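Trainee: Residue strings, one per chain:
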Amino acid sequence: MSMADLAPSVPAQTARSGGLARLAVAATVALLFAGGGFLLHAEQQGQVIALLAAFVAVFALAEKVPVGRRIVGLCRAHPGTVNLTAAVSILAIAAALREEHYTLLMMATVALFATAAAGLTLQMAFAGVPNFAGAAFFAVGAYVAALLGNTGIPHLLVLLIAGLAAAVLGLVLLLPVLRTRGHYAALVTIAFGLLLRAFLEVNDVLGGPQGMKVKSFSLFGLDFSRMTEIGPYDVSFYLPYALASCALFGLAFFLVRRLETSFVGVALDAVRSDEVAASVFGLSIARWKATAFLLGNAMIGVAGALYGMMNGFVNPNSANFGDSLIMLSILVLGGLGNLWGAVVAAVVILVIPEKLQAIQEFRLVIFALLVIAILRFRPSGLMPRAARDFSALVKGGAK
Amino acid sequence: MATDQMLARRKLLNVAGAALAALSLATAPALARDTVKIAFIGPLTGGNSATGLGGRNSASLAVDLHNAKPDAKYTYELVPFDDECKPNVGVQVATKAASDKSIIAGITHYCSAVAIATVDTYNRFGLPVVVWGAVLPEITYGNDYKEIHRVNGTMINEGKMAAEFLTKQGFKTFVVIHDTTDYGKGQNKYFAENLKPQGGEILATFPVPPDQQDFTAELTKVKELKPDVVFIGGLTPLGVRVRSQMDRLGIPAQLAGVSGIMSAGFIEGAGPAAEGTVSFHNGAPLTKYADGKAFMDAYAKAGYREDPDAYGPFAFSAANLIMDAIEKAGPDRKKVRDILNTTKGYKALVGEINFDDHRQNIVSANVYVSQDGKWVYWPDSAYATGTKKLPGKAASN
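Order-wise, the sequence lines are chains A and B. Taking the numbering used here, I'd label the letters of the first sequence as residues 6 to 404. Taking the numbering used here, I'd label the letters of the second sequence as residues 22 to 418.
This is chain A alone, in the form it adopts within the complex:
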């Protein structure tokens, strides 16, 4: 941050130190991703524990040591470098682990849940509309994929339709959600989730309680589930899914970030923090809440459709309340409003319980303790959203 503030006064020096700063940022991000990749792949208990300890140490360093704080500041000041490095790192990890079915499946799962969390971010962290039915909209996407997968409609279009369907179904909820606030709005969404699940269970056209098979995703005639080699390399059929999921998350990330930094984000923040003040300034509360809610559900629906196609089936149980809470905990654990936080939290919530399989029936206890410990030491999430920084605007105005 300090670099950015100094920038205008000493232009000659900036070019060099800017380059250096970028290098430092890129190295940090690449290191973190490398650690994440190892964590995804590590099987030995010792390795997993060492990696977790390393991550805890990194977080402590970033908070307590001046150099750490400075690097965090630099990362915030150079989002472009961070994102580019992240994309390159993901490709590198995918290339390195191209034959590892299980690791790639977990990678895709994390990316898709992070995409759903991006939708929830829009709703809950920006507009302040609670949504306790995330898994229900996720399942809606998967059901649309199940219904349309065989019809010959291009699957990219199916993903879009799944998003649309989730948004349209969200319309049903719009009126009660807009008329209620806080806990009451939360109850409305919980009721919707239960209702949808009961509906799916008794509906024989949609497979009843047993659910439906979903056709695998294919892009331009390329069936993802049959892909076993790219050029001279043998690859897992989960590789294309992992890449597509990461691309989907990239898209969601880009969209949410653009909204956040645009006037839409400012309007949503205003609506969330003080409805009365926002409406006094001429913002339509209903309009902004509806925008965030529908757009968020659409994103969750798209992610759900790809998840359904990857897993090959969907059943009403996937719309259960527990899974909605898992999505919410990803959001809260990561830090409301920070998408990178959501990625880290998705790894914690989805991957760590799997890494603890060796301790069998005790693993969920250990996992719960871990989550409580995280929230004890970082009450606002692993990576809380940074406050909006308008200092540049103020400076520009003074000039």
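It should be emphasised that the hints constitute simulated quantities derived from the structure, not laboratory data. Keep in mind that a hint or two might mislead.
Claimed, not checked - SDA-like mimics (lysine to any residue), calculated; alpha carbons at most 20 Å apart, straight line:
id, chain 1, residue 1, chain 2, residue 2
1, B, LYS247, B, PRO230
2, B, LYS122, A, GLN49
3, B, LYS189, B, ALA213
4, B, LYS58, B, LYS395
5, B, LYS90, B, LYS349
6, B, LYS210, A, GLY213
7, B, LYS210, A, VAL207
8, B, LYS210, A, ALA363
9, B, LYS122, A, ASP239
10, B, LYS309, B, GLU289
11, B, LYS210, A, ASN208
12, A, LYS218, B, ALA405
13, B, LYS395, B, PRO412
14, A, LYS218, B, ALA331
15, A, LYS220, B, ASN164
16, B, LYS309, B, ALA405
17, A, LYS218, B, ASP165
18, B, LYS368, B, LYS410
19, B, LYS410, B, SER385
20, B, LYS122, A, ALA363
21, B, LYS309, B, PRO400
22, B, LYS58, A, GLY213
To be verified - Computed footprint of chain B on chain A, listed as stretches where at least three residues anywhere in the stretch have a Cβ under 8 Å from a Cβ of chain B:
id, region
23, 130 to 144
24, 184 to 195
25, 199 to 210
26, 303 to 309
Here the structure is a predicted model, which is why all the values come from computation and not from measurement. Cβ atoms here follow ideal geometry from the backbone N, Cα and C, with glycine treated the same way.
Given chain A's structure and the hints, the job is docking chain B onto it.
Mentor: Frame of chain A, contents of chain B only:
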């Protein structure tokens, strides 16, 4: 704690075994035993963990007993996974187990929803598995995957036995109350299908949500219809509610139910009204199996915290079936699969195992009756010998 120690001990044993193997390799290669891994997948946490842990303990007991045999060709290692009874978690652990090349076969799944979701995964990776607890017929009959086998029976067996037994007892008219999950729906389907050829008649069918509390509306209708039997397709809570509310409304009909109501909870919940309720289950009581007593003794000696539960003997048998196939074929998934495919007349704890053309074990269900606060194997009960009369019959006479 106990399992922790046991695991630690087993690890130590493995290390010791490996060291021994290495030693013996140096001196006498003939004695060297390779380690072969087998996966166990079931619900180790959550609402179904009692059954899952019982299955895991039984499978691990089978492995330990096999390893202790002096003439075994390989040392086996059980790798347990938790599917949480959730289909998506099930696919994840199935992928993990199946893509691990050192795992040769799997003893998989108690929850039907998980088992049906994972069959594609096993087929794709070519991992031969033996289902130890899930009862949904489609798991074996809904596909033609050579990798999927099942040692326990399906709902079809229970429905068939229920229809045959009840009509043989002279009951003619039936009312079915089933829950709307795939379990209740399936039980209803196979009971109704098998009842028709036996000459029974279903007067009415009431699908109800599994958590419905009050059955006054349904039971008032039942009272008008005067059926001989009220048949329950659901789990214990549903059975308890219907049983006690039947009494309140004064319905004299015989109550019969699928294996879902056959639990200690049903007798506790329904109290004295439970007397004479008939149920059907794929497993026979452990004491009826030739090696049942030996199994129970070995299980007690191993010091597991949890009971083997209803499906433990099936997990035990599945583990033995797999290990014997590996002994014959060596640690090769394809060869093991082919041997499992052709299993006929295999002597196991749960009786003879014969796979049909869908690799489904051919079993017939057993009848149980609730007598003096216990579930009693029908042939051993006072009702079969005639000293007691089923409540439904006493009413019609």
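Trainee: Indicate, hint by hint, whether the structure satisfies it.
Mentor: So, going through the hints one by one against the coordinates:
1. B:LYS247 with B:PRO230: Violated. LYS247 of chain B to PRO230 of chain B sits at ~23 Å, over the 20 Å cutoff.
2. B:LYS122 with A:GLN49: This hinted pair holds, its Cα atoms lying about 16 Å apart.
3. B:LYS189 with B:ALA213: 16 Å, holds
4. B:LYS58 with B:LYS395: Measuring from Cα to Cα gives roughly 40 Å; hence the hint is violated.
5. B:LYS90 with B:LYS349: With a Cα-Cα distance of about 15 Å, the restraint between LYS90 of chain B and LYS349 of chain B holds, given a limit of 20 Å.
6. B:LYS210 with A:GLY213: 14 Å, holds
7. B:LYS210 with A:VAL207: This hinted pair holds, its Cα atoms lying about 15 Å apart.
8. B:LYS210 with A:ALA363: 40 Å, violated
9. B:LYS122 with A:ASP239: 16 Å, holds
10. B:LYS309 with B:GLU289: 25 Å, violated
11. B:LYS210 with A:ASN208: Cα-Cα ~16 Å, so holds.
12. A:LYS218 with B:ALA405: Cα-Cα ~46 Å, so violated.
13. B:LYS395 with B:PRO412: With Cα atoms ~16 Å apart, LYS395 of chain B and PRO412 of chain B stay inside 20 Å; holds.
14. A:LYS218 with B:ALA331: Judged against 20 Å, a Cα distance of about 30 Å means the pair is violated.
15. A:LYS220 with B:ASN164: Within the cut-off at roughly 16 Å; holds.
16. B:LYS309 with B:ALA405: Holds: LYS309 of chain B and ALA405 of chain B sit about 17 Å apart, inside 20 Å.
17. A:LYS218 with B:ASP165: 16 Å, holds
18. B:LYS368 with B:LYS410: 37 Å, violated
19. B:LYS410 with B:SER385: 25 Å, violated
20. B:LYS122 with A:ALA363: With a Cα-Cα distance of about 18 Å, the restraint between LYS122 of chain B and ALA363 of chain A holds, given a limit of 20 Å.
21. B:LYS309 with B:PRO400: 11 Å, holds
22. B:LYS58 with A:GLY213: Given pair LYS58 of chain B, GLY213 of chain A is violated - Cα atoms ~37 Å apart, limit 20 Å.
23. 130 to 144: Check failed, 0 qualifying residues.
24. 184 to 195: violated (count 0)
25. 199 to 210: holds (count 3)
26. 303 to 309: Since 0 is below three, the answer is violated.
Hint violations for this structure: numbers 1, 4, 8, 10, 12, 14, 18, 19, 22, 23, 24 and 26, all remaining hints satisfied.
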